[in-house]
Amino acid sequence: MTIRHHLSDQLLMAYAAGQLPEAFNLVVATHVSLCDDCRARAASFDTVGGALLEEAEEIAMGEDALSRALARIETLPQATRSAPIMPTGIFPGPLAGYVGGDLSAVRWRRVGGGVKQAILPTGKDASARLLFIPAGKAVPDHGHRGMELTLVLQGAFADANDEFGRGDIEIAGEDLEHTPVALSGQDCICLAATDAPLRFRGLIPRLAQPLLRI
Amino acid sequence: MTEQDGRPLPVGVPGGFGMRQLREGSLAKAVDETDWAGLLLRVRDHQDRAAFAALFRHFAPRVKAFLMKSGAGATLAEECAQDVMATLWQKAHLFDPSRASVATWVYTIARNRRIDALRKSRRAEPEDLDWGPEPEPDQAEVLEAQQETERLGRALSALPGPQRTLIERAFYGDLSHSEIAAETGLPLGTIKSRIRLALDKLRQQMT
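Quick note, the sequences are listed as chains A and B, same order. Read in order, the letters of the first sequence are residues 1 to 214 in the working numbering. Read in order, the letters of the second sequence are residues 1001 to 1207 in the working numbering.
I should point out that these hints are in silico values taken from the structure, not numbers from a laboratory. Glycine included, every Cβ here is placed at the ideal spot set by N, Cα and C. There could be a bad hint or two in this list.
[Stated by the list, open to error] Quick partial rundown of chain B residues pointing at chain A, CB under 8 angstroms, derived from the structure:
id	residue
1	T1034
2	F1066
3	S1178
Just need the whole structure built from these sequences, with the hints factored in.
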C-alpha cells in the first residue's frame, strides 16, 4: 500500500499538542495507524512537547504530594502489556473502537443516490462520519465553511484535482468546492470529519441538511 | 525513601541502561539523579521507590505548571500531576528508552490527562505497534533518544522570542488548531528520520 496523500504538519502538530477536536483526533489516529511516515512526524512533534515540559518553570507540589501519589499507585491495577489487537477488517484500531467492530457493525443510514453514512459519537466541536459511496457514484456537490478531512478506507475516489486510495487523506479547506466520485470497481468507504456543517450547493440537499446532520 | 524503609537500592540487571553509574560509584551514589531514563528503568524493572521519588521531584512540578498554563486551577493541576506520575509508574513497563525521552513520555501522559480533565473528551490513539521495550536496546539509540529533548530544548531557547511564544501557545492551548503554524524553526527532521528508521526496522521484524 502506497499512501500518497498525508496529514499536514499543522494537523500533526495540533494533534501532538492535544488541540484537535475529538472527531479530528479520530481521523488523525486512524491515518497514523496506516502510515508510518505520519507516525514518525507526529512523534517528532511529541518531542517538542517533551522539550517544553523540560524547560517549563516549576510550580511546587503540595507537601504530601509524593506520598499521596505513592498511595495512589497502590490502588492502581497492575497494568499488563496486552498484545496489540491487529484488526482483521478494513478499520484500523482507533476507528474500530468508535464503531464497536468492523464494517458489519456499522449502522448505515441512506442519504440518497445509494450513498450511506453513519455518524460516529464524538464531541460536538466537530463531527465524524463514515461514508459509503457506491462504485462510480458521486457524493453530493459541497463546499465547506471549515475544514474537512476525508480518509479512504476502501476503494478510491477522485475529485477534480486528484485521486485518493486506501490510507490517503484529503484535506479540504473553505476554498474547495468539490464533487468526489467513487472510482468504478469497488464501493468506496471513507471516514470524514468536519468542524463546520457542510454547505451543499443544490437546494434539495440544503433542505435535507439538518435532517442528515452533516 | 530508601533510607526510611532501610532497604538498599535494588541492583539493576547487569548491562542494562543506567548501569554505567553503578559500576563506577558506591551504591549510595549509584543513581545519577538526572539520568531520567535510568531512573525510570529502575521503576520499571524493580519498582524502585527512590528512583520514582527522584522522577517525581523533577517532573511533577513541571507537569503541574504545564497544566496550569493550559487553564487548570491549582487544585485540579495538583491532582492531575499526581495522577500523571502514578500513571508513569503504572505504565513503566511500556517505556522504551530507545524510542522516546522520559520528558517526551511524561508529556504525552500529561497531555492525554489534560484532554480527559479539561475537555472531558476522548483522545483516539493510533494502533499500538508491537514494539514494547526491547530486552536489550541499542545503547547508542537510547542515548540519541534521550539527548534529543535536551538538544531540542536548546534549539527552542535559541529561537526568537515571538516564534518561541507561538510554539508555547500552541502546546498550552492558546491557539485554535487552525491557527497553529507548523513551521516551528526547530530541527525536527532528524528526529523524524530516527523514528522512521526504527519503525522500518520494526516492520521488518514483524513480517
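Numbers of unmet hints, in rising order: 1
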